[in-house]
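A.B. asks: Here is how the chains run, residue by residue.
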Amino acid sequence: MRKIKDDIIEKIIFFCGILSIVFVVLIFGFLIKEGISFFKEFGIVDFIIGKFWYPSANPPEFGILSLIVGSVLVTVGACIIAVPVGIMAAVYISELAPKQIKDILKSLVELMAAVPSVVIGFVGMVSLAPLVRVFFNIPTGLTAFTGSIMLAFMAMPTIVTISEDAIRSVPWQYKEGAFALGATKWQTIRRIVLKAAMPGIIAAIMLGIGRVIGETMAVMMITGNAAHIPHSIFEPVRTMTATIAAEMGETVTGGLHYRALFAIALVLFFITFLVNFIADLFLGRSKNK
Amino acid sequence: MAQIEIKNFNLYYGSFQGLKNVNMTIKEKRITSMIGPSGCGKSTLLRSINRMNDMIEGVKTEGEINIAGNNIYDQNIDIDVLRRNVGMVFQRPNPFPISVYNNVSFGLEVNRIERKRNVIDEIVQKSLESVLLWDDIKDKLKKSALLLTLEQQQRLCIARVIAVRPQIILLDEPCSSLDPHATQRIEELMMRLKEDYTIVIVTHNMQQAARVSQDTAFMLLGELIEFDKTSKIFTNPGDKKTDDYVSGRFG
Ligand SMILES: Nc1ncnc2c1ncn2[C@@H]1O[C@H](COP(=O)(O)OP(=O)(O)OP(=O)(O)O)[C@@H](O)[C@H]1O
Ligand SMILES: [Mg+2]
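Quick note, the sequences are listed as chains V and X, same order.
Note that my numbering gives residue 105 to position 105 of the first sequence, counting from 1, and the numbers run on in steps of one.
Adding 1000 to a residue's 1-based position in the second sequence gives its number in my numbering.
If we strip away everything but chain V, and leave its shape as in the complex, we get (with noise of 0.2 angstroms):
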C-alpha cells in the first residue's frame, strides 16, 4: 500500500517538473514563431535600429532603437542607485546595526519587497514626480530618471536580503584574522568581508536587475510614455516591457502590430538570457579562482 502511495507521488512529482519545463519551451517556441514571422516581414535590422515607433502610421514603422534606449537607460539609472545604496544597507543590517535596529529594518525590507508594482508606480506618479519637475525645474516629472529611482526602490530588497545573507555567512574567522592583524572594522568590511561575499552580491545584483528590466507597471505609469529618444535622463521615455503591456489590447491577433509585439518580447528575452548568462560567468569565475 505504501509503495504504491509512494509511486503515485512520485509520478504527480515528475509530472510536474515536466509541466514547467514545456511551459518554458512552449513559451519560447510562442515567441520565436511570432517573432520570426514579423522579422520575415519587416526585416530584423529595420527592427533593432529603426528610430521610430508608429505602429498605426501608414505604412507602419517598427523601430525599437528609442525602445531599448528608455530601456537601458532606465535599468542603468536603478542600479546606478540600487546597488551602491543596497549594498551599504546589506553592511550595515549585517555587521554595524544593533540588533533592535537590525530586526526593524530587516523586517522593513521584507516589507518593500512585497509592495506590489501598481502601488510604487502610483506612489512615484502622485508623490515622486512632482517633486523631480518642481526641482529640476522641467516641464513634466515623468521622465527616465523618475522611473530609475522607483525602480531601484523595487530592486533594492532583493539586492539588500540576498547580499545580507552573503555577508553575513562570511566566517567569523576570516574578520577575526583581520582584526588581529590590526585591521579597523571598516578595513576588515571593506577588503576582506566584501571580497569575501562577492559572489553573492554579484548574484543579488544580477537577480535586482532582473526584476527591474522584467517591470512593467511602474514604468509605465512613471517614465511618461514617449517613444522617441531622448537626450538626457530628465526626459520621458518608454521601455519595451511598457509597449508590450500598453498596445498589446489594441492590436488585431496575428496582424503585423501583434507579431512585433512579439519580436520584442523575443529581444527582451535575450537581453535578460545575457544578464543571466553574464552573471553565471562571474559566478563561475570567482568560485574557481
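The hints are simulated quantities; they were obtained by calculation from the structure and are not laboratory data.
This one's a predicted model, so the numbers in the text were calculated from it and none came from an experiment.
No residue lacks a Cβ here, since even glycine has one placed at the ideal position from N, Cα and C.
Be aware that a few hints might be false.
[Unchecked claim] Covered stretches of chain V (chain X as the covering partner; in silico rule of three or more C-beta atoms under 8 angstroms from a C-beta of chain X): (1) 119-126; (2) 170-177; (3) 190-203.
With the hints as your guide, set chain X with the ligands onto chain V.
C.D. replies: Relative to the frame of chain V, chain X with the ligands by itself:
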C-alpha cells in the same frame, strides 16, 4: 623590551569568571606555553594579550597587562596598534579568501606601514621565506590562498603576522588541525622564530609544550596554578595538581 607582565588579571564572560587573578611575567624572546585541561581558560588568557576578547559581548576585565611597560587595558591605548604589535595565529588556519600575496601584504596595507610596491614585494618575499614557504609557492603568489594545503595555510598565517613585524606572536593550538609531519615542521619554525620574537603558545599537547617551550604555565578552572621553567614543570612540579596533570592522572 617585549615582556608581558600580567597583574591581578580577572576576566568575566557576563557573570561567569573566565580568569581568576592571574599573575605572570612572560619573558621576551622565549617560547612560553600554556597547558591545562579543556575549558580552563588558556585561549581566554591568550586572547587577553591582544584584546581579542573585546569583541565578545559582555566581557569585562580587571587588572593590568603590561607590554613594554604600557598597560594595554589603559583608556588611551590604540587597539589597532596593539594588535599589530601582538600578532595572533589561530587554531584553524584562516587565510583570507584572496591571493597568497595579498594575504601577506594585508597587514602592511591596513596599517599603512609601507606604500612602495617594490618594498612590499620584498617584505612579502622575506616573510614567506622566514616561514619556509617561498620556494614552494613563489609561482603561486597570485593564486587564492585557499588552494594551499592546511600546513601551507598555517605557515601563510604566520607569514602574514611576521610581515607587520610584531614583537609578540600568540599561537592558539596552531597544530591541532595538522598531521604529525606538518606539526613537527611548524614546531621547528617556532623554534627558529623565537630568536626574533616573544612567542606564547597554547597547546593541548604536552609533548609539544615540552619540546618547544622554555617556560610553561599550567592553568586550571581559570586560575594559573603554576608557571615555571618547562623542565621543572614536567619533571619536578611544585604543585600537586600540576603533577597530576602532566603525569596524565587527569585532564
Ligand atoms: N564567548 C564566551 N562566552 C561565555 N563563556 C565563554 C566564552 N568563551 C569561553 N567561555 C568559557 O570560558 C572558559 C574558558 O574558555 P577557553 O576557551 O579560554 O578555554 P581553553 O582552555 O582554551 O579550552 P580549550 O582547550 O577547549 O580550547 C570555558 O569554561 C568557556 O566555556
Ligand atoms: Mg582554546
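A.B. asks: Are the hints correct? Go through all of them and say.
C.D. replies: Cross-check of the supplied hints:
1. 119-126: Three-residue rule not met by the segment 119-126 of chain V, so violated; n is 0.
2. 170-177: holds (count 5)
3. 190-203: Result for this restraint: holds, n = 4.
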